[in-house]
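From the two separate chains plus the hints, produce the assembled complex.
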Amino acid sequence: MTEIIGRARRLGDDINTDYIISSARKKTTLDEQILKQYLLESLDPAFASSVRAGDVLVAGKNLGCGSAMEVAATVILAAGIRAVLATSFARSFYRNAINNGLLPIECDTTEILEGDGLMITAGPDGTSITNERTGRCEIRPPLGGIAGAILDAGGLVAYLRREGRFVPLGRT
Amino acid sequence: MAFRAARTQLYRMPPQTIAEKILSAKCGRLAHAGDVVVCDVDLVLGTDASAPMAIGYFERMGGPGARVHDPSRVAFALDHYTPQSESESTAKFHAQVRAFAREQGVRVFEVGEGISHQIIVERGIVRPGQLIVGADSHTVTCGALNAFATGVGSSDLAAAMLTGQLWLRVPETMRVTLRGDRPAGVAAKDIALAIVAMLGGDGAEYHAIEFVGPAADSFSRDDRLVLSNLMVEAGAKAAIWEVAGGVFADAGARCVRELVVGIDRLTPRVALPHAPKNVVAIADAVGTPVQMVFLGTCTGGRASDLRDARAILERGGGRIADGVTLVVTPVSSDVARQLEADGTLPALARMGAVITAPGCGACCGTSGVIPDDGMTVLSTANRNFKARMGNASAPIYLASPAACAAAALSGAIADPRTVRAGP
Chain C
1 MTEIIGRARR LGDDINTDYI ISSARKKTTL DEQILKQYLL ESLDPAFASS
51 VRAGDVLVAG KNLGCGSAME VAATVILAAG IRAVLATSFA RSFYRNAINN
101 GLLPIECDTT EILEGDGLMI TAGPDGTSIT NERTGRCEIR PPLGGIAGAI
151 LDAGGLVAYL RREGRFVPLG RT
Chain B
1 MAFRAARTQL YRMPPQTIAE KILSAKCGRL AHAGDVVVCD VDLVLGTDAS
51 APMAIGYFER MGGPGARVHD PSRVAFALDH YTPQSESEST AKFHAQVRAF
101 AREQGVRVFE VGEGISHQII VERGIVRPGQ LIVGADSHTV TCGALNAFAT
151 GVGSSDLAAA MLTGQLWLRV PETMRVTLRG DRPAGVAAKD IALAIVAMLG
201 GDGAEYHAIE FVGPAADSFS RDDRLVLSNL MVEAGAKAAI WEVAGGVFAD
251 AGARCVRELV VGIDRLTPRV ALPHAPKNVV AIADAVGTPV QMVFLGTCTG
301 GRASDLRDAR AILERGGGRI ADGVTLVVTP VSSDVARQLE ADGTLPALAR
351 MGAVITAPGC GACCGTSGVI PDDGMTVLST ANRNFKARMG NASAPIYLAS
401 PAACAAAALS GAIADPRTVR AGP
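Residue numbers (our numbering), protein chains in the order written: chain C, 1 to 172; chain B, 1 to 423.
Chain B with its partners taken away, still in its complex shape (with noise of 0.2 Å):
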């Protein structure tokens, strides 16, 4: 009896949640929140703006003949430098990140191609159970196909390059439950930015966040990506949604928090400068004066999002108000594809749009379109920190695409629920 009770003991797997589950199954032992683990990574993903500092941790740390440890779970997109800005430096990037995967027979995304961990999703690289680390702290976002995608800084994507292996501490988990029917005129990202709000800048530091309820299954993909990109905003490590196929949390799973956020009664959203979490509902920024519009980035740069943002832009007449410089940016060239196909980009463009290459574009100040002194702008970006775009005398505020596409009509910010069909 006693033997058998102990077996009992010894074969009762505590459950776990997906992010337990993951790290487990890549660090090839029972792990808990808390354990310290080195787990094999899947993917290990930099870009031309992290990339050039990583070889040149590579090569400090490998010494002379270094070889990547599998170059097929490694890639390099050229996103944040698109095109090539005047200074040299950017080119000498590129050039350097071309040669090191040429050498070692590593994937680059080419400029143009679009944003690092866009490109990844759209190509069927990311799969459900992977580990994947990006130096790119919105490498988060991929959590939305039920991977642990987390951020890391240069050093750290070199190690994983040179030994495919990085140590990881498994986090406590947050679930956020998502209840009720979304209103008509309420985006993803006014669901995140409501997210951001609720938990703080740093609210979700060190978890992961596990998106589950009978909503979930409601969002696209295109939602589910957003959400999963501004949690890092809240500082959380890997922000992962149950997909089917995919691993699932155990019930009973330990989970640090729980936050229920019901969606069927909630509003428009803006950020007001100079952070993600300075959250407010639209009605309190209404008639802020605008002068520059910014569609793109991982988190409004989708095809759902520019067909949003045009959608409001043509009920509302399709005429760019006097004064306000509206950017367009395509997150990716299989989206700008799409939105060719389609009509939404040409409509844009005529509507006086000025349309980017796609990449990171004006999201950063890496590359695009630069605020002038003392411009307001509104964006569908994830980040409005003072002179995040380049310029610290342009305030940012952060909003839906299909916000944004009613501030460019009116110059102002305006909640495009109230953009009515014109005379």
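The shape of chain C in the complex, shown without the other chains (with noise of 0.2 Å):
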């Protein structure tokens, strides 16, 4: 079971991988600690500064579109946000996302605002998002399938050197 109970940060529709960390500044380094200080800079120079542990990411649609970089995931996880919310997300950076532990959720999130507290409860039976200043709550299933067994394992690393494989579904 996890539990995050943070602040909503609130960012547009079509929020590419290059705006949450430029290309031009993963060549420099692939170290998330220096990086993270220039988290979504694109859009705001500020915004790394402002972050606080606990914070969530809330977008419209198609979270992480463009380049399928990686660093894109692990900079959010390395400025202290553990989960991110979208309408919709691509795909690439969906996968990143689970890949490394950090829990996207697929949810309606048009009435959330800059700065609203979340309160996000993940288990077997599915996510549960609670918007504390409109009291809404919203329950979205588990994941299931390999993305959910990874997810569940705390990333692909952790779940591979379990499994030594993917293991196709009902089929262990």
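No lab work stands behind these hints: they were computed from the structure.
Ideal Cβ positions, reconstructed from N, Cα and C, are used throughout, including at glycine.
Possibly wrong hints are sitting among the right ones.
[To be verified] Simulated DEER-style distance windows between Cβ atoms:
no., chain 1, residue 1, chain 2, residue 2, range
1, C, Gly-60, B, Val-260, 44 to 54 Å
2, C, Thr-28, B, Glu-340, 25 to 35 Å
3, C, Asp-108, B, Glu-59, 37 to 47 Å
4, B, Ala-281, C, Glu-138, 50 to 60 Å
5, C, Arg-162, B, Val-260, 28 to 38 Å
6, B, Thr-267, C, Gly-126, 43 to 53 Å
7, B, Ala-349, C, Ser-50, 21 to 31 Å
8, B, Ala-66, C, Glu-138, 35 to 45 Å
9, C, Phe-47, B, Gly-252, 19 to 29 Å
10, C, Ala-153, B, Gly-56, 48 to 58 Å
11, B, Gln-104, C, Thr-28, 57 to 67 Å
12, B, Asp-222, C, Thr-28, 31 to 41 Å
13, C, Asp-125, B, Glu-59, 18 to 28 Å
Next up, the structure:
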């Protein structure tokens, strides 16, 4: 069971991975502890310094489009953000998030505002997202399948160290 | 009778799309859209921008002494940092990739050989019906040769290197029918931008696109590569063409959306800052001053692209406008050789173009020429996100090679069809 209590950090639609962390920054280092000071700098140079551990990124549709670069997921984690909410995700960012243990939650984000207090509980029965301001609670089904197993293991490294390979559904 | 009916039922194969057929073959069972399958991967392709991180994941996944499952199915291309920039880190990334490749017996395409997904096309490594995963989102390019080719991150790349496999959800398919004859002066890039605009930035998310239709046969390989490439800007997981001897969709295969594109009435297009889907007819952008023109990348650096650009430049007198920097980056060393031999690169150089080493070049701010503050760029690339080329104050417009050449002549966005022979 994962429980996250934090502040919503509101982003718009079509936030591409270059906006999350620029390709040009990535060529200088892959150290997330350094790169995290440039998180979302193309949109707001002051964003990174305003992030607090426990913050939750909340976006509209198509979060993580563009480049498949994995630092986009690992830099978010390094900044202390453990969950990303979006109306929809681009597929490569979605996989990268799961593979690194960053919780991607596909849900209706239209009513979530910057600074809203969010309580997220993720477990085997699904994920609940409660907005403290509106009192609204949304329940999402558990991820399931191989993606769910990878997320439950804490990421792809832990999953493959345990399983040794991708285990097809229904065949163990 | 009942027995016979049951047999008929058992052996009636539901019709399949190209994506379903390829992924069925790779996972060893009949699979359809929505199924989650574990597939054998034919080619695992990393770059200097993604392989260093993948090597880290690989070592943590496999532990000490871990070996690549099948080195003959893995390759790395040093294409994003070409040449190594002034920062020491990129040289270190290259050294790390070379050392890992030597240790594991994996092939490396060296600095200057070209962009990963172009090299494997040119060298005949991509074959119809293959499953290719690349840690570069533009790996979808290889769908032009009837492969299911898709982009992944570094951890998935590492898993595929270690196990030879990857899990995939079999995608639903959208069919894009190209109808009509292509008008003169309209490039594959224009058609691709028009389709991205029709679909939107996420219109093909989690989907495979299949290109079909009477017009499809009239596209050259270079053109098909451009069309497949740009479909990832609409979110596509793969963008596959039917080719002779390859995998074809069954009649009646389930498609979730049919998009008919009448190309006979299409005009040149331009994508405005800051997204590839912000597409307008070029008439709506004509006159926008530009200070940098970039001819290159996996959507504009092939031989036919640079020949198109040269033809427009020469038709218009061959003089680059004052205050415009024209940067030319061939997609690969093979292409550079062809363009050297036919005089294209020398001609561009005589006009004053800055010609850089083959590779990704200035596309994503990782090597090559970075635009200065306030410069407006017109580029043949596939992405124009703010700061994509390394400077947030340099807005980027996207267009065809011919339109880029027309802008280099006049110093402003111009319709290439209006470039007339000078006095």
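Hint check:
1. C:Gly-60 / B:Val-260: 44 to 54 Å: violated (29 Å)
2. C:Thr-28 / B:Glu-340: 25 to 35 Å: holds (33 Å)
3. C:Asp-108 / B:Glu-59: 37 to 47 Å: Holds: the Cβ-Cβ distance is about 40 Å, inside 37 to 47 Å.
4. B:Ala-281 / C:Glu-138: 50 to 60 Å: Distance hint for Ala-281 (chain B), Glu-138 (chain C) is violated at roughly 42 Å.
5. C:Arg-162 / B:Val-260: 28 to 38 Å: Roughly 48 Å apart at Cβ, these two residues miss the hinted range, so it is violated.
6. B:Thr-267 / C:Gly-126: 43 to 53 Å: holds (50 Å)
7. B:Ala-349 / C:Ser-50: 21 to 31 Å: violated (48 Å)
8. B:Ala-66 / C:Glu-138: 35 to 45 Å: The hint (35 to 45 Å, Cβ to Cβ) holds, given that Ala-66 (chain B) and Glu-138 (chain C) are roughly 41 Å apart.
9. C:Phe-47 / B:Gly-252: 19 to 29 Å: violated (50 Å)
10. C:Ala-153 / B:Gly-56: 48 to 58 Å: violated (18 Å)
11. B:Gln-104 / C:Thr-28: 57 to 67 Å: violated (26 Å)
12. B:Asp-222 / C:Thr-28: 31 to 41 Å: holds (34 Å)
13. C:Asp-125 / B:Glu-59: 18 to 28 Å: violated (36 Å)
Of the numbered hints stated above, those contradicted by the structure are hints 1, 4, 5, 7, 9, 10, 11, 13, listed in ascending order.
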